[in-house]
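Colleague: Protein chains in written order, with numbering that gives the first Met the number 0: chain R, 0 to 255; chain Z, 0 to 258.
If you're looking for bench data, these hints aren't it; they were derived computationally from the structure. Just so it is clear, the structure is predicted and the values come from calculations on it, not from any experiment. Don't be surprised by glycine CBs; every beta carbon is placed ideally from N, CA and C. Worth double-checking, as some hints may not be accurate.
[Stated by the list, open to error] Reference excerpt, derived from the structure (chain Z facing chain R, CB under 8 Å, subset only):
1. L55
2. P73
3. Q83
4. L87
5. L98
6. A99
7. A102
8. G106
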Amino acid sequence: MRIDISQKVILPLLGAACVLVVWSIVSVTVAPDLPSPGRTWRESQRYVLEPFFKDGEMNQGIGRLAFYSLVRVGKGFALALAIGTPIGFLLGLSRRFHQSFDPIVQFMRPISPLAWLPLGLVIFQKSEPAAIFTIALCAMWPTVINTAVGVRSISPDYLNVGRVLKLSRVKTLTRIVIPATLPYVFTGYRLSLGLAWLVIVAAEMLTGTPGVGGFLWQEYNSLVYSHIILSVITIGAIGFVLDRLMGLVEARVRID
Amino acid sequence: MAYLEVRGLRKSYGTRSGLTAVLGGVDLTLEEGEFVAVVGYSGSGKTTLVSLIAGLIAPDRGEILLEGVPVTGPGPERGIVFQQYSLLPWLSVRGNVALAVDAVNPGLPASERRRITDEFIALVNLTPAAWKRPRQLSGGMRQRVAVARALAMRPKLLLMDEPFSAVDALTRATLQDELLRIWGERRSTVMLITNDVDEAILLADRIYPMTPGPDAVLGPAIEVGLPRPRQRRHMSLEPAYQKARQALVEFLRAARTAR
């Protein structure tokens, strides 16, 4: 029990303390423009303690800004799943489809969000749909690939059960293929959500839309560096929580 | 013509080093309501034989006729209990059995299908565990679910591929007794694959010994003269048991030395 507390609480706190110390040292030695932890807190207090205040488009509490970003990510993520899951199943189920589209998937996967966003702006003419397009396009690949791998690694034993029962194609899909693939699919969803959150900052920076990423870029341009750190910490914390939440969902669908 | 006729069944598997002939012309017959066992060493091609009769794989040569109709693919009229259970882990005991019941009785009303499902779960004494998932069950219980699922297809022929090889010896004895009871009640036609001579004698009417592969074939069937219902306790003292055992063991030993 005692070991448990020290491992789960004390050691992570120790790690965080180390980072704070290094941050303080860097801020007083090599990078005088970098706000110290204390100064960051003083200048960010209001954003954290009153997370939902709104003084203007870009001057809002961190809770409000995070909410805008989360809604945007939610839309992009939902779009990524809606497109990525069926593509993944098709890639796993059909050899022809795999041969036709797997090269495209491998080709598009490493393209950076920074490259997609201008194209999104060209296509949609507005920043909001362009941002969602970018998030979806960058975030869907883990879902696509995990789903395809999941379908292809279904135990032949399960498929034999379906064959002996002479299940129709649709029934084989709904009763055997989909449930057997679900754990892989959700691992894909978790990775996709992580990517979607990673992309949001870039998307908001480039489009200047209100949100944590947009705020970060605006505060850089206004030379309020402490708010950059505030944004960075917020992005990290939310990313961490999102991953944990998806991890819980993933654990629920895991078979063994 | 027999209920099940298997004639000249050959099957080879291609590997990088060439072709391995697993079965080299297997013949066997099975009458309706009969319990037949195939006994052989591990790796002699028994699972290949079951998979062929189940229609999961196609033979290179030879034919399989069930009630005179050639077997061309898998189907629920040849229910199978797989060696590794093959239960669907995301379904409960009920769900696994119901999948089979629903698949073979699409015309029946839901209440009737539910009743059949319950009947087969009760048959293998799993009613208290009906809502459990396979991972919550012991190996013996899982195998009982697999038996219930296969019987719930109401197959013309029940194929069992070393069904008790993955459970401990005590559980195995219980499962054998249970199978004996179920077979006594229902008189299904059963083909059991096993590497356990005593298991074969306890359960079967006739036993085919299988020569070790490659090119495995079946020896002449040995009749088990033991009366039914059988009791495992006194069995080993019966002359009929000793006779069957001796014939089997001698054939298998000679077949191995001949290799």
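Colleague: Would the hint on A102/Z stand, with a C-beta cut-off of 8 Å toward chain R?
Modeller: 4 Å, holds
Colleague: Would the hint on L98/Z stand, with a C-beta cut-off of 8 Å toward chain R?
Modeller: Where the cut-off is 8 Å and the nearest Cβ of chain R is about 6 Å from L98/Z, the hint holds.
Colleague: Double-check Q83/Z for me: the hint is only fine if its C-beta lies closer than 8 Å to a C-beta in chain R.
Modeller: Where the cut-off is 8 Å and the nearest Cβ of chain R is about 6 Å from Q83/Z, the hint holds.
Colleague: Taking the least C-beta to C-beta distance, is A99/Z closer than 8 Å to chain R?
Modeller: Given a least distance of 6 Å, the restraint on A99/Z holds.
Colleague: Under the criterion of a CB-CB separation shorter than 8 Å, is P73/Z in contact with chain R as hinted?
Modeller: 4 Å, holds
Colleague: Does the CB of L55/Z sit less than 8 Å away from some CB of chain R?
Modeller: With a closest approach of 6 Å, the L55/Z hint holds.
Colleague: Please check whether G106/Z passes as an interface residue: C-beta within 8 Å of a C-beta belonging to chain R.
Modeller: 14 Å, violated
Colleague: So, L87/Z near chain R? Judge it on the closest CB pair being under 8 Å.
Modeller: 6 Å, holds
In the structure shown, a violation is registered for the earlier hint numbered 8 alone.
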